[in-house]
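Engineer: Please build the complete structure, drawing on both the sequences and the hints.
Residue numbers (my numbering), protein chains in the order written: chain A, 1 to 161; chain B, 1 to 270.
Read the hints as simulated data drawn from the structure, not as lab findings.
Below, in silico cross-link-like pairs of lysine-lysine (DSS-like), each with a Cα-Cα straight-line distance of 27 Å or less:
hint : chain 1 : residue 1 : chain 2 : residue 2
1    : A       : K103      : B       : K158
2    : A       : K128      : A       : K110
3    : B       : K240      : B       : K125
4    : A       : K52       : B       : K249
5    : B       : K158      : A       : K108
6    : B       : K158      : A       : K52
7    : A       : K108      : B       : K176
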Amino acid sequence: MINSKKIVLVGHFGVGKTSIVRRYVSNIFTTDYKVTIGVHIFKKEIEVNNNKLTFVIWDLEGKDDIEKVRVSHLLGTSGFIYIVDPTRNTTYVNIESEVGYLKSNYPKAKLLTVANKVDLIDKEAFLKDVSFPIDFFTSAKTGDNVEEIFNKMGLIFLKDL
Amino acid sequence: MTDSEKLVKLKELLLSEDRDFALQILQKLESIESTLNEEQLLAQKVNPIINKKLDTFTEEIPSKLGPTITEALKIQIRDSQEKVVEALFPIIGKMVKKYIQQEMRNLSDNINSQVQNTFSVKKWKRKIKSLFTGISEENIILSEMVKPKVNQIFIIEKDSGLLIANVSKDEENIDKDMIAGMLTAIKAFVEDAFTKEEQSLELIQYELYNIYIQNLSSYYVAVVISGSFNSGFKEELEDKIFDFASKHKKEKLIENSKVINKLIESLFND
Chain A
1 MINSKKIVLV GHFGVGKTSI VRRYVSNIFT TDYKVTIGVH IFKKEIEVNN
51 NKLTFVIWDL EGKDDIEKVR VSHLLGTSGF IYIVDPTRNT TYVNIESEVG
101 YLKSNYPKAK LLTVANKVDL IDKEAFLKDV SFPIDFFTSA KTGDNVEEIF
151 NKMGLIFLKD L
Chain B
1 MTDSEKLVKL KELLLSEDRD FALQILQKLE SIESTLNEEQ LLAQKVNPII
51 NKKLDTFTEE IPSKLGPTIT EALKIQIRDS QEKVVEALFP IIGKMVKKYI
101 QQEMRNLSDN INSQVQNTFS VKKWKRKIKS LFTGISEENI ILSEMVKPKV
151 NQIFIIEKDS GLLIANVSKD EENIDKDMIA GMLTAIKAFV EDAFTKEEQS
201 LELIQYELYN IYIQNLSSYY VAVVISGSFN SGFKEELEDK IFDFASKHKK
251 EKLIENSKVI NKLIESLFND
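Structural biologist: Right, here's the structure in full:
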């Protein structure tokens, strides 16, 4: 029985998808921004409640509209991580409809919302501005809460096993 | 004391200091002159300075002169291509010749070892094949040498790109799950970008290897092949994969990947 799960990172460009996955998989962070073209694939094996899980993580290139993301990259996804940048309003202004699109088209997939770059913002002001619940506030730069997103995803998957 | 004696005394008083000073300068000049004229003395003084400068220069060559040399070489090659070709041709020619000679030697050794193996069953099979087909034994041996070989097989879930099963003849360093993911991403990209109708990526070629991809309903099979991949081998492979797929549905494969690994191994072993 294979316990491999496909996790897809989605969100606008520059929100820190690659930084989050690199921090999680390799525990590194760099300030030089290199735009992702197409997709990068990472792998991480974890243990949640004595269960071994393999995450194959698809870090997709950023798109300002979720409907522009290549459908073939989203198929077969077990868990989506929708990431926004709280310092740029345009990355979360449509969060409700974008998350809605993922939920209606991929109803079996789990979804977590993440606000990255939390080290750069006033959290209270951001919470007043955003119209959708955010599951995790992370900083790929400091590593805050990054691992927790994937652990939570692992726990959600385990419930279905 | 006479007037002349007084004058001498006065001169002595006035000029003695200047004279001493002039003498010192003269001595210093002589010392400098001897240093400059005698190679050994000059070398003692100058060599450390030159050495230090040379060391600094050597350290700075890549950063300071590198771009200039590269640019100069580019211009030189562009402006006098024929001369460059003339200069490089003998060197490259020799290298290619040597490589081909080595490969021919290896091929000849392989053929000899096959021919000399008189007790081999394969030899008799070859002889009979040669007799019936009219193709010389040497040609049959040559075709056997470049015969396609299956090196790796991946069974990958179609949508997610997750690896269901894998068999490899060689020890590979790259992670199989990531290969499966990347193959799926490449396949999806090519299919989205270049096909208008229901078509799919069938073959990826890289240097000495081919990756043959066979799509099935819920998973696909990617086979890494070395040697000469021809249509006959492709058909043979297709038949085997379809036969395999008809016996094993995806759900069964996922449930029992260890047994499946053994099955695939036996199916694709030559």
